[in-house]
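Novice: Here is what each chain is made of, one letter per residue.
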Amino acid sequence: MRKVIVHPQRCVGCMQCMHACATAHSKSKELFAAALESPLPKARIHVGVGLFNEGFPNRCRHCEPAPCQLACLPGAISRDVETDTVLIDPDLCINCASCAMACPFGVIRYHQHCYAPPGKVVAVKCDNCFERQMQGLIPACVEVCKAHALTFEDPSRALKRRTDEVARSVSPGVLQTDLAAGFSVLNAHKRQQIEIALRRSQS
Amino acid sequence: NDLFANRTMTRDGQLLLEKAQRDRIETVWDRFENQLPQCGYCEMGLSCRICVMGPCRIDPFGEGPQKGVCGADADIIVARNLGRMIAAGAASHSDHGRDLVDVLQEVAEGKATGYQIRDVEKLKRVAAEYGIVADGKDPAEIAGELAYAMQEDYGTRRKSLTLLQRAPAKRRAIWDKLNITPRGIDRETSEMMHRTHMGVDNNWQTLLLHGLRNALSDGWGGSMIATEVSDILFGTPQPAATMVNVGVLKADHVNIIVHGHNPVVSEMVLHACQSEDLLQLARENGAAGINLAGVCCTGNELLMRNGIPMAGNHLTTELVLTTGAVDMMIVDYQCIMPSLGSVAACYHTKMISTSDKARFPGMQHREFHPENAAEKAREVVKEAIENFADRGEVYIPVEPVKAIGGFSVETIVDALGGTPQPLIDALKAGTIRGAVGIVGCNNPRIRQDFGHVTLTQKLIENDILVVDTGCAAVATSKAGLKLAEAAQMAGPGLREICGALGIPPVLHMGSCVDNVRILVLASALANALGTDICDLPIAGAAPEWYSEKAVAIGAYFVASGVYTVLGPMPPITGSMNVVKLLTEGLKDEVGATFHVEPDPEKAALAMRRHIEGKRAKLGLPS
Amino acid sequence: NDLFANRTMTRDGQLLLEKAQRDRIETVWDRFENQLPQCGYCEMGLSCRICVMGPCRIDPFGEGPQKGVCGADADIIVARNLGRMIAAGAASHSDHGRDLVDVLQEVAEGKATGYQIRDVEKLKRVAAEYGIVADGKDPAEIAGELAYAMQEDYGTRRKSLTLLQRAPAKRRAIWDKLNITPRGIDRETSEMMHRTHMGVDNNWQTLLLHGLRNALSDGWGGSMIATEVSDILFGTPQPAATMVNVGVLKADHVNIIVHGHNPVVSEMVLHACQSEDLLQLARENGAAGINLAGVCCTGNELLMRNGIPMAGNHLTTELVLTTGAVDMMIVDYQCIMPSLGSVAACYHTKMISTSDKARFPGMQHREFHPENAAEKAREVVKEAIENFADRGEVYIPVEPVKAIGGFSVETIVDALGGTPQPLIDALKAGTIRGAVGIVGCNNPRIRQDFGHVTLTQKLIENDILVVDTGCAAVATSKAGLKLAEAAQMAGPGLREICGALGIPPVLHMGSCVDNVRILVLASALANALGTDICDLPIAGAAPEWYSEKAVAIGAYFVASGVYTVLGPMPPITGSMNVVKLLTEGLKDEVGATFHVEPDPEKAALAMRRHIEGKRAKLGLPS
Ligand code: SF4
Ligand code: SF4
Ligand code: FES
Ligand code: FES
Ligand SMILES: [Fe+2]
Ligand SMILES: [Fe+2]
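Residue numbers (the working numbering), protein chains in the order written: chain S, 1 to 203; chain C, 1001 to 1622; chain W, 2001 to 2622.
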């Protein structure tokens, strides 16, 4: 089964996944129109900022077993086996925030949205673009991520790729190569800027 | 507070950041943190919005798109984006210069009442460079002819800008050979915008070369005209004592801050602040007087010519308002954060915008023109006085620091006894190892002033004379480096010379357009030595730059032969070809390169190495 | 093939897309799909890279940042980005105009051998508008004075551009009132770059107003000068028959394609192609002759004046190479995809770049200058002939379509019997309901030519005369709408008039800079009716635009009072304030607005409604 895999080392922090996610979970599914809807659609993937100002796309892991599901008293949270997706039923949700407290990754938000009963604030999180997948589309965040920090593939393939990458990096006589020279230069630069500040506060 | 200490090294800044937090004021640092992480495509110069087949972006990891819809690759996209930054920077300085030439013309026509020719000698000197015969003409007539001739530099007929003749012959030969001798000032900007249109220049090398040409049209064109005409109209700067940091505000005075870049407005405000009847009015309103202070470059312009105090630099512009002590801030243009109006709204401060080309949210617009500026200035100063009564609590947390400003090339040469020879002798002898120009702004990526001050300290410790401008100059002033006593912090050679001449080891040369004073000084040295600028033991740095103007300045420094070290990274890392050309390849073309180094200590090392290398090549003692 | 039919409505395009697929050629459509989905921030105009405190972006969904680091909000960011698009568009046209003025000057000085004054009458007419007395002067002398006067329009001294006097008095009064009368051509571009620098104009309304001023400096300045000088140097267009689409290539001829915008190069290439010795050489090399064809606007320039056939428009420029029949493509500047070199590399086609300001990957650079252009042209044509022998397989899948081109304002008025009165009478009587100018390019977002052709058909069916330029004009030519017989597809009124005058219902008015011919025609109508342009039953459309030049054109159309419908959405939806001002608010300011409508049928309806509304207001029969 194909799943969304996160490759954090490739996140360039463009936040286009957030944009695409909000649009994919809007009524109109169109960027321009979505920005005019009420309630405003919101992203279900969030790009955080790391210690060195690098991006990290934080996304529901659809854990198994899912702590949020276990914490949900009214049974609003269930698992779709076909897509291996933890889903929240907006009709059953009582907005108690138990799931958010249980979630180790902080991916659950509370707001209105266009599939929930009008005016009702409910728990909202990534649904693996369930609707798009039914239409044969891949999740919106993956589609928009041109840096391939998010991919939609069989986890075993991604793991194999990663394993090979690591293996190649320790091959005898091989110099460590950058993922992308310019990106490394930029990141090293940013890191240095932050370290200069740290160096001062330690001294 | 560690957070605040990380944001700024200045004591006034730290205390006012606390005040801002108490007053729930959002500052530029808050907005910066809100924007993190920033878009990596944009940061690397890899996104293009030049046409609506796009927007396009290139995947730096090589798997996603490697070309825009039109077919442009990373090199082209990065070079086009950088080219447009230079165009905007050059256009900004040059449009500023244009406004001064317009005033000069109106003064000649007798229309700009309130303005006058303050430095007739300089007028004649510059007019002579433009081939204008001054004999038997009165200053107004010369001024009219000079304005007309300078306007021709803005036009499209010249094959080469007039003031280029100040550059060493070897330098001009390089520009001619590379075909980057700038022609019309506006023309080079227009051509850059044209070249970067879809389907025009798709060669990253020629794009970057035109970037240098465009930048030269600023450095030896628009900016140089701006400085020269400012000197003619408002007087050539002379060293004078002044004060800096937020402590220059006075609790018992009407405090007026000028902010922006163009002295055309601030000089008139100064006159109004000094007029007896308005001072009287201030006293009638319970104030001890009127206290005019500056921030940013319009402040530097006043500091240089009139010893007006400076309340702060770029990142202080919001904080100064949180003192509650500013009765009015008057802005013209450039580097004025659009957030200022909403900061001022939390206090009694009146915000006044003055330029026909720059308005801001939450400001009252009073348009200044050469014909009405004197009168408008009186009008707004009167309002500021009336606003004094509406002050709430005032918090001026520090005492000001003393500083000396006002080092034009003319006065530096004067201080040296009328010729640059003593400086050359000191360089030759090795008493002074070299000279460095430090310029540019603040940037929330870098602890405020830390880059400027650390770099300056490391250089003077090693007997390198520092000249600075703009927000860099304010930073070192705040740090106390612009005092004759600061010579104590210099190495033995520099200390000795500063002592002998009675000057600080760090010379304030003015505003951002005044970077051309550095070019003129470097040219004078090169000419005296019969060599080219790139052979001198000098360097440039912009440790905390943020603006497109700074990109243009950096580019004209490098194109003029000055090795230049940048603190923040420009958006070019998407193309290692562009990075290599700018940091290595340009050496073969113009004899100088950029270097990017966020750590000011390492930057100082790199500059020292560069300077010692140049000394060795000149055969000077090591 | 459905995919290809969705990409283009043209038969030649579809067949060549299949060929491209077989040959594994990547096309602009492939790259477009690779870029999808595009960055939403950039598409909405919500990302800012103006300084390196940024890059910043505003979250349109309200959760993330609502301000850039400097404090700029969505309105400011969108307006600044749009302003820079206008600046780039205006600069491109105007720099093109400058190059023509330079040729005019060199012709006057006798330096530009190969060029001459072809339309002395027009030279005198335009010179008179510039206040130049022609009596007793020879054409070269007049040309020299005219070039000098036009250069002054590029300078900074004028308060208003010379050719603005062609606009109706009411229109000029509006511009004066709004303070958007353009001054120097380059000046307005520089000022836009200045205003959009960090901390300058932070008022979205005044930014957009300056955008209009900048655009007017193109429409009534740079572009108008480009068209007038082109007519003077190369002849004012006359109606003539020609052929269009890829079928204009000839299997047994040496095929040379010119691509770009400036006739300075292509006219010289044409002369070379017609020279007897080179024709002889072609025959010696086994070819039946030399076949010169155009794409894009430099093609339109040749078509208008010399009846040279057109192989295609913007999205055909890659495909035409896949025929394998092009022995050489010669490019100057603008809209030339940087991908072309790599497409040509798969065939024998030689690619030649000619402009000092435009180079491309995979092209050989032969720099044309006015002094050497005639000779350089012969040189490259000779190479093209030699390349004929290296041809591989050739695939020219269609027969060409006939078309008539060459409708300058002068010849339209001639066709009407010397005055625009018959046109005015027909408009008044309602035989013709109105007139529409359709302009602009192709864009892979829109099925190639579908927007242009559908809109045109719907309009002429409803008795609306269409004039078009640029890639739009090529689209309707390919669709067979530029034939006298096409009058059959028009409504009864328009059909009758076309029949009487022997003209097609869709008139080809030239290249993109020639959009000014539409302005001149509209002004003539407004002047004849004693009214303003915005009161006329006319409209403009750019159904498939893609470029910054198109943004400038749209803006000068609207600022001149022409209601203008865009197909693709400009990057402005991030600010509903900006959207509303452009699509509604401008009506109160300049009497016209933009309208965005991707569906050409709906666009036709909107335009008909607009035109009927204007008719009603003028009291014309409904
Ligand atoms: S110019 Fe090229 S890279 Fe830039 S937006 Fe247009 S198609 Fe994309
Ligand atoms: S100008 Fe303002 S919004 Fe734009 S990048 Fe700079 S800080 Fe961000
Ligand atoms: S914000 Fe669109 S690519 Fe950076
Ligand atoms: S693409 Fe046709 S006009 Fe530019
Ligand atoms: Fe400055
Ligand atoms: Fe065109």
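Simulated from the structure, these hints should not be mistaken for laboratory data.
Since the model is a prediction, treat every value here as computed from it, not as a measurement.
Even for Gly, the Cβ is constructed at its ideal location relative to N, Cα and C.
Hints are supplied without guarantee of correctness; some may be wrong.
[Said to hold, decoys possible] Among chain W residues calculated to face chain C with C-beta under 10 Å, some are:
| hint | residue |
| --- | --- |
| 1 | Met2053 |
| 2 | His2096 |
| 3 | Tyr2154 |
| 4 | Ser2160 |
| 5 | Gln2165 |
| 6 | Arg2166 |
| 7 | Ser2275 |
| 8 | Leu2279 |
| 9 | Gln2280 |
| 10 | Arg2283 |
| 11 | Glu2284 |
| 12 | Gly2286 |
| 13 | Ala2288 |
| 14 | Val2331 |
[Claimed, not checked] Calculated lysine to any residue pairs in the SDA-like style (CA-CA distance at most 20 Å, straight line):
| hint | chain 1 | residue 1 | chain 2 | residue 2 |
| --- | --- | --- | --- | --- |
| 15 | W | Lys2159 | C | Leu1279 |
| 16 | C | Lys1357 | W | Ser2160 |
| 17 | W | Lys2382 | W | Gln2421 |
| 18 | S | Lys120 | W | Ser2160 |
Novice: Does each hint fit the structure? Answer for all of them.
Specialist: Hint check:
For the restraint placing Met2053 of chain W at the interface with chain C, the shortest Cβ-Cβ distance is roughly 5 Å, inside the 10 Å limit, so the hint holds. Because the closest C-beta pair between His2096 of chain W and chain C is about 8 Å apart, less than 10 Å, the hint holds. Using the Cβ-Cβ criterion of 10 Å, the hint placing Tyr2154 of chain W at the interface with chain C is satisfied: the shortest such distance is roughly 4 Å. Of the supplied interface hints, the one on Ser2160 of chain W is violated, with its beta-carbon coming no nearer than about 16 Å to a beta-carbon of chain C, more than 10 Å.
Proximity of Gln2165 of chain W to chain C is violated relative to the hint, the smallest CB-CB distance being about 21 Å (cut-off 10 Å). With a least beta-carbon distance of about 22 Å to chain C, the hint placing Arg2166 of chain W at the interface is violated under the 10 Å criterion. Violation of the interface hint for Ser2275 of chain W is found here, the shortest Cβ-Cβ separation to chain C being roughly 29 Å, above the 10 Å cut-off. This hint is violated: Leu2279 of chain W has a C-beta 31 Å from the nearest C-beta of chain C, more than the 10 Å allowed.
A cut of 10 Å between beta carbons decides the hint on Gln2280 of chain W: the least distance to chain C is about 35 Å, and the hint is violated. Here the hint on Arg2283 of chain W is broken, as its CB sits about 35 Å from the closest CB of chain C, past 10 Å. For Glu2284 of chain W, the interface hint is violated, since its Cβ never comes within 10 Å of a Cβ in chain C; the closest pair sits about 36 Å apart. Hint on Gly2286 of chain W is violated. Least Cβ distance to chain C is approximately 33 Å, over the 10 Å limit.
The restraint placing Ala2288 of chain W at the interface with chain C is violated, with a minimum CB-CB distance near 32 Å, outside the 10 Å limit. Hint status for Val2331 of chain W: holds, given a least beta-carbon distance of 9 Å to chain C, under 10 Å. With a C-alpha separation of about 39 Å, the suggested pair Lys2159 of chain W and Leu1279 of chain C falls outside the 20 Å cut-off, and the hint is violated. A hinted pair counts as satisfied when its Cα atoms are at most 20 Å apart, and Lys1357 of chain C with Ser2160 of chain W qualifies at roughly 18 Å.
With a CA separation close to 49 Å, the supplied pair Lys2382 of chain W and Gln2421 of chain W exceeds the 20 Å bound. Proposed proximity of Lys120 of chain S and Ser2160 of chain W is contradicted: the alpha carbons are some 60 Å apart, above 20 Å.
In summary, the structure is inconsistent with hints 4, 5, 6, 7, 8, 9, 10, 11, 12, 13, 15, 17 and 18 from the numbered list given earlier, while agreeing with the others.
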